[in-house]
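Peer 1: One-letter residues, chain by chain:
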Amino acid sequence: MNELKQICKEALTEKKARFIIAYREDKNKKTKPFIARTPEDAEQIIFNHQAVNNLAVYFPRFKNSGEGKIGIVVKSCDLKAVTALIQENQIKRDDLFIIGVNCSGVVRDTTMEFSNDNTQIKCKYCQAKTPPYYDELAEESKEFEMPDDDQAELMARIEKMSSDERLEFWSAEFEKCIKCYACRQVCPMCYCEKCIVEKSEPQWIDTSSTARGNFSWNIIRAFHMAGRCIGCHECERACPMDIPLTLLTRKMGMVASSEFGYRHGMSLTEPALIGTYSTSDKEDFIK
Amino acid sequence: MEEYIVSLDNLKKIADELLNNHCRVIGTTSENKFKELNYAEELVLNPGAVPTSSSFKEFFFPKTEPLFFYKQNHSNVDLFNPIQDKSKIVIIGAKPCDAASLPIISKVFNWDYKDDLFNSRYDNSLIIGMSCHYSDEFCFCNDLGSSPENMKGSDVFLKPLADNYFKVVSVTPKGAEFINEYQKYFEKDLGKNKSLERKEENPKHFDYDKVKTWLDNNFENKFWDTAGEMCLGCAQCAFVCPTCHCFDIVDEQNGSCAGRRAKNWDACQFSLFTKHASGHNPRDNQEKRYRQRISHKFKYYMDKFDEVLCTGCGRCSRGCPVSLDILQIVEEINSLSGNSNSIQ
Amino acid sequence: MDNIYKPELVEIKDIIDETPDIKTFRLQFKNPELQSSFAFKAGQFAEYSVFGEGECTFCIASSPTRPEYLECSFKLAGKTTSAMTKLNIGDTMGLRGPYGNSFPIEQMKGKNVVFIAGGIGLAPVRCIIWNVLDLRDQFKDITIIYGARTVSDLVYKNELEDWKSMSGIKTVVTVDPGGETPDWKGEVGFVPTIVEKVSPSGNDTVAIICGPPIMIKYTFPVLEKLGFKEDNIITTLENRMKCGLGKCGRCNIGSVYVCKDGPVFSYKDLKTLPQEY
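Just so you know, the sequences run in chain order A, B and C. Our numbering numbers the first residue of the first sequence as 1 and each following residue consecutively. Our numbering numbers the first residue of the second sequence as 1 and each following residue consecutively. Our numbering numbers the first residue of the third sequence as 1 and each following residue consecutively.
Keep in mind the hints are simulated off the structure, nothing from the lab. Be aware that one or more of the hints could be misleading.
As the list claims (entries may be wrong) - Only part of the chain C face toward chain A is listed, based on derived beta-carbon distances under 10 Å:
#, residue
1, 54
2, 78
3, 79
4, 134
5, 138
Unchecked claim - Derived DSSO-like pairs: lysine-lysine, alpha-carbon spacing no greater than 27 Å straight-line:
#, chain 1, residue 1, chain 2, residue 2
6, C, 30, B, 114
7, B, 199, A, 27
8, B, 275, C, 75
9, C, 13, B, 275
10, A, 30, B, 199
11, A, 199, C, 23
12, C, 217, B, 222
13, C, 6, B, 114
14, C, 271, B, 222
15, A, 199, C, 75
16, B, 288, A, 30
17, A, 30, B, 204
18, B, 33, B, 222
19, C, 6, C, 23
20, B, 71, C, 217
21, B, 88, A, 176
22, C, 30, B, 275
As the structure is a prediction and not an experimental result, all values here were calculated from the model. Glycine residues also receive a C-beta, built at the ideal position from the N, C-alpha and C atoms.
Just chain A, with the same shape it has in the complex:
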């Protein structure tokens, strides 16, 4: 524990980073994101099972905001977002000071303790507890028992549904949407300066929370995530209406993987799937 604080303190003292996006605990012992600007601030830095946020979401705000590297504390899953943003030319590796943490799972519901029943979905199929690259690494690597991947079971069930049944399933889910855009705002990959839903000439998507407006918003967002979602599950966690959004984004990722052999956020050098064309790309969807 001290080690992470120590690393961050040193980084700030030695100006390896001009600030560090990290986690702290508030007076109610709630873990939340904050920005450590001084070595004193770094005293507050912690990491635990409640450190759910994907801090890469804050990058766009600091784009061109000054000289010096941006420090960030990342779990292995968060690092995929960092990598993906580098792949999509949103940030440069050289502008970052990455403090990786060994993670032994985070909670799904932040109001409860970490347990087998309260493990975030992504941790149930996590393949790398240690970030693949970093400038510094903190935290001890701890084994934890991975609960069953119940989302995979649910996905298999949905895939067996007829298209009418699927429509019914998603209609019921999307009806709940209130267009608060928490899914978009917490998403590190949703960095467009002007979102498609804000483009009014022409108005592509109804902004109202009607059946039509909700369906088009959620489906378009899923499409924009195709081959781009890095699976941090923040959208679903943030959704106040409990819409199982990651069923869509995870499925899209699986398709990108099975059809194109591509997983986003896994390589600093591989070009992003969405921005490349290969003559071997399948065309059988054009009918």
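Fit chains B and C to the supplied structure of chain A, relying on the hints for placement.
Peer 2: Just chains B and C now, kept in the frame of chain A:
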């Protein structure tokens, strides 16, 4: 005046009758959500439950509603008012922090210009409030002059008694009329059922007057540079809030010659909320937008309508994706305003 | 139901191309009774709609002393104004209003009046100019100072000529440096500079000023130097609005709703408001 009690079973019978009389009955369910009930058995009244994740404002101020419909054929345009659902709305089991929100937002919908879309529902409603036996680190109703027993906004108020009974308090003439109408389901209070009290008092966190004075004088203060800096600019807080009432007005075409104009929930934390067509934006960063949110709730609305635009329900904090905690922000303001001796 | 959000229908009677991106619409209510009963005061605004495209906010640019029609001038900027530029004479629009407060015409009576405007900011000022001119004998000296970026960006060109030719009115028109044409006979320079040059006395004078925020910001100190009292400097603000009715929550500056407590504010009022407009 006679004092009454009512059993949960009889409350459900009342709900049944209301449903049969084509009322919209809204209550909390086993999932602890406000829902328009299909049948009375869905109703679950638990004074110890955490406030529902969303408030019930959508039943008075829907997330989207038509303002009018239009049809146009060259220079001929016809406008049609939306058909109003004239059904009576009955809310059963509103916590004091929910019930209080309606008279608060009614003020903005009725100063000078009257919003009949809101009024037609609110005027035609009956709110049955209930004491609250819940509290957590996000609750602060009693810092805002309310309490878990506060009857503001309720027409009828229920106080839990042992054995699934409730003491019935008639708060408004509308409430008295209701009790009279469903008299057969109410029993005289013979004092036999023990009343269930809250386990503990809510702590007091801040002195509102001091917070208000600080806000009056500190529009420019470095506190605002960091208060909202981690805010991601979504509208979770505003949309689950019982008092947030900002809205957008949009046109939606349905084919080339017909469509509707709609009133949709909107939120001050969205970056485009105040952006002019010219590109100029008076609140051009999240820090300014967060200042607006806090100031609107704890200062502007008070200046304008003599009410705090917050009931202390804590929903915004419980649901915030980055755990921004409105109570902690207000507590910080309280401590910035100097000596905090008046707080226990 | 009394539906405060439902507009009345108006017909476009005339369209004037003021500049490449500014047009003036002359409108008349389709219901003749409304046309005769519709009353407003100089400085008030309205919400104009193109059905299916949306609504937007402009001040009423014609004078209440000429009630046979309403005029609005708008600049192509967003979705609704873009739809408006595609409309033709005879087309139908929606109109809600009038909303907001107005210029303090009673306070101005018996005094000198200086009108200062920049760009399309002349629209609300034009409303009060004609109002004052139609009641000419109730006011003392009148000065009009108007500027735009270039000669082609000047609006109400014919009326500028009318005002220049009227006796007892001093009309000065300027364009920003670089915006002049070879045959330009007016002033060249930014509005605050020209105000300083024209140097109207602040004694017993009310100034009405409207234009881009930057112009207003730099003109206030000039007026103060010329001896204008803070409550005799009057401006009109345009924050983003949707409802115009004090409900939708986006036009506030501190505790003040521009749509209801404004859009007209004195410099004295503005000094009490936070810098968030």
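Peer 1: Check the hint pairing residue 71/B with residue 217/C against an upper bound of 27 Å on the C-alpha distance.
Peer 2: violated (45 Å)
Peer 1: Holds or violated: residue 199/A with residue 23/C, Cα cutoff 27 Å?
Peer 2: holds (24 Å)
Peer 1: For the pair supplied as a hint, residue 199/A and residue 75/C, is the alpha-carbon distance within the 27 Å limit?
Peer 2: Since the Cα atoms of residue 199/A and residue 75/C sit roughly 19 Å apart, the hinted pair holds (cutoff 27 Å).
Peer 1: Compare the distance between the alpha carbons of residue 288/B and residue 30/A with 27 Å, and conclude whether the hinted pair is satisfied.
Peer 2: holds (25 Å)
Peer 1: Hey, residue 30/C versus residue 275/B, does the alpha-carbon distance stay inside 27 Å?
Peer 2: violated (33 Å)
Peer 1: Holds or violated: the hint that residue 138/C contacts chain A, with Cβ atoms closer than 10 Å.
Peer 2: violated (45 Å)
Peer 1: Please verify whether residue 6/C and residue 114/B have alpha carbons no more than 27 Å apart.
Peer 2: With a Cα-Cα distance of about 13 Å, the restraint between residue 6/C and residue 114/B holds, given a limit of 27 Å.
Peer 1: Keeping to a limit of 27 Å between CA atoms, is the pair of residue 6/C and residue 23/C held or broken?
Peer 2: holds (25 Å)
Peer 1: Are residue 30/C and residue 114/B close enough, with their CA atoms no more than 27 Å apart?
Peer 2: holds (25 Å)
Peer 1: Residue 275/B and residue 75/C: Cα distance at most 27 Å?
Peer 2: holds (16 Å)
Peer 1: Next pair to validate is residue 199/B with residue 27/A; report whether the Cα-Cα distance is within 27 Å.
Peer 2: Answer holds: residue 199/B to residue 27/A is near 23 Å, not above 27 Å.
Peer 1: Please verify whether residue 13/C and residue 275/B have alpha carbons no more than 27 Å apart.
Peer 2: violated (31 Å)
Against the hints set out earlier in the document, violations occur for numbers 4, 5, 9, 18, 20 and 22.
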